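Student: Produce the entire structure from the sequences given, and follow the hints as far as they go.
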Amino acid sequence: MSAPVDLVEVWRGDMRESIHQGHAVICDAGGDIVQAWGDPAAMIYPRSSCKMIQALPLIESGAAAAFGLTPAQLALACASHRGAVIHTAPVNAWLDDLGLNDDDFCCGPQEPRDVADRNALIRAGKAPCRVHNNCSGKHAGFLTLTKHLGAGPEYVDIAHPVQMACKAAFEETTQEDSPCYGIDGCSAPNHASTVHGLARAMAFFAAAGGRSDVRSKAAASLVQAMVTFPELIAGETGACTELMRAMGGKVAIKTGAEGVFVAIIPEKKLGIALKIADGATRASECAIAAILVKLGVLDVNHPAAKARMLAPVANWDGLVTGRIRPTAALT
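1 is the number of the first residue of the sequence shown in full-length UniProt numbering; add one for each residue after it.
Source of the hints: derived by calculation from the structure; they are not laboratory data.
The model shown is predicted, which means the values in this text are computed figures rather than measured ones.
Virtual Cβ for every residue (Gly too), placed ideally from N, Cα, C.
Wrong hints could be hidden among the right ones.
Derived Cβ-Cβ restraints for the label pairs, each shown as a range [unchecked claim]: (1) 102 - 175: 34 to 40 Å; (2) 120 - 19: 37 to 43 Å; (3) 217 - 313: 43 to 49 Å; (4) 248 - 34: 34 to 40 Å; (5) 228 - 177: 30 to 36 Å.
Under the rule of at most 27 Å between Cα atoms (straight-line distance), these lysine-lysine pairs were calculated in the DSSO-like manner [unchecked claim]: (6) 268 - 306; (7) 306 - 294; (8) 167 - 126; (9) 250 - 294; (10) 167 - 147; (11) 269 - 167; (12) 306 - 269; (13) 147 - 250; (14) 306 - 250; (15) 268 - 294; (16) 217 - 268; (17) 294 - 269; (18) 250 - 268; (19) 167 - 217; (20) 269 - 250; (21) 217 - 250.
Tutor: Given below as structure tokens:
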């Protein structure tokens, strides 16, 4: 097994102060590795980066069509949103359409990461609800599939039909038998894969537009939903939203907790997966931006790219004291 390699460094003044190591893989439509850093066989939890895979059964089952789900709702099913009104209002409307309410969610309440909406809740003296959870769109999708299948309410249980369908989709797209699972921050199971397996799954999504089978059509519709509604995938100031906008709808990207990031590049039929060993988000955002620049799909001079690849380190007086940047291995 190969060790993680230096991917992102933090400079203060003229000295490198910190280093973030990790693994990354670029995979082609055939599942083969185009380029890799570190160990492609490193086993990881994809966390929220695999929400597109978890949304496949929602479409494949016929549930999305039966309930008339829109592309915006499909985007929300893939989102790790910031709990702003632009996210919570449509998710609440989705629940209403299902005849359900906030209590039917299995994800826990979460304070909005959107500052304006968080402050509005505080001023109103209201507590965050489950709909504010960054995964509430995914859970609305789970509830839709649950209702379509006529299954029980504990849809996050590993033996529930919804989660059995998610596991099958995960193992089939990664082309790996997952050795274990953990419980994610939203209480849903999260299955482990190698970095290569996750990149292989993203390459499946990237090449889906050229195929006509049910799963490929589902994958292509999810990718299109993500790039059409980047503001729903994260929200203002979010890396996923800003970088997808910077690439003009040509690339879908998705972050996951603990330093995971993936990308889907349909025009090149490439999938990318990366994991920062110490779980740092600042490093995963820098690394994914650097790889996208390297592949020619992100302009290095775009403000969204510069904000991640040359992210300023500022002190409390606003003085820029250093930079976060990719290592020579990525550039």
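Student: Each hint: holds or not?
Tutor: Each hint, compared with the structure:
At roughly 38 Å, the beta-carbon separation of residue 102 and residue 175 lies within the given 34 to 40 Å, and the hint holds. In this structure, residue 120 and residue 19 meet the distance hint of 37 to 43 Å, their C-beta atoms being roughly 40 Å apart. The hint said 43 to 49 Å for the Cβ distance between residue 217 and residue 313, and at roughly 45 Å that hint holds. Separation of residue 248 from residue 34 is about 23 Å and departs from the stated range, judged on CB atoms against 34 to 40 Å.
For residue 228 and residue 177, the Cβ-Cβ distance of about 34 Å falls inside the hinted range of 30 to 36 Å, so the restraint holds. Only pairs whose Cα atoms come within 27 Å are accepted, and residue 268 paired with residue 306 is accepted, the gap being roughly 23 Å. Only pairs whose Cα atoms come within 27 Å are accepted, and residue 306 paired with residue 294 is accepted, the gap being roughly 14 Å. For the given pair, residue 167 sits about 37 Å from residue 126 by alpha-carbon distance, which is inconsistent with the 27 Å threshold.
A threshold of 27 Å between alpha carbons decides the hint, and for residue 250 with residue 294 the separation of about 15 Å falls inside it, so the pair holds. Between residue 167 and residue 147, the direct Cα distance comes to roughly 19 Å. Compliance with the 27 Å bound is thereby established for this hinted pair. Taking the CA atoms of residue 269 and residue 167, the gap is near 24 Å; set against the 27 Å cutoff, the hint holds. The suggested pairing of residue 306 with residue 269 holds, with an alpha-carbon distance near 25 Å, which does not exceed 27 Å.
For the hint pairing residue 147 with residue 250, the CA-to-CA distance comes to about 34 Å; that exceeds 27 Å, so the pair is violated. Restraint check for residue 306 and residue 250: the C-alpha separation of about 19 Å stays at or below 27 Å, so the hint holds. For the hint pairing residue 268 with residue 294, the CA-to-CA distance comes to about 13 Å; that is within 27 Å, so the pair holds. Between residue 217 and residue 268 the CA atoms are separated by roughly 18 Å; this keeps the pair inside 27 Å, and the hint holds.
A threshold of 27 Å between alpha carbons decides the hint, and for residue 294 with residue 269 the separation of about 15 Å falls inside it, so the pair holds. For the hint pairing residue 250 with residue 268, the CA-to-CA distance comes to about 10 Å; that is within 27 Å, so the pair holds. Simply put, residue 167 and residue 217 have alpha-carbon atoms about 19 Å apart, close enough for the 27 Å limit, and the pair holds. For the hint pairing residue 269 with residue 250, the CA-to-CA distance comes to about 11 Å; that is within 27 Å, so the pair holds.
Distance check on the hinted pair: residue 217 and residue 250 sit about 17 Å apart at the alpha-carbon level, within 27 Å; holds.
In summary, the structure is inconsistent with hints 4, 8, 13 from the numbered list given earlier, while agreeing with the others.
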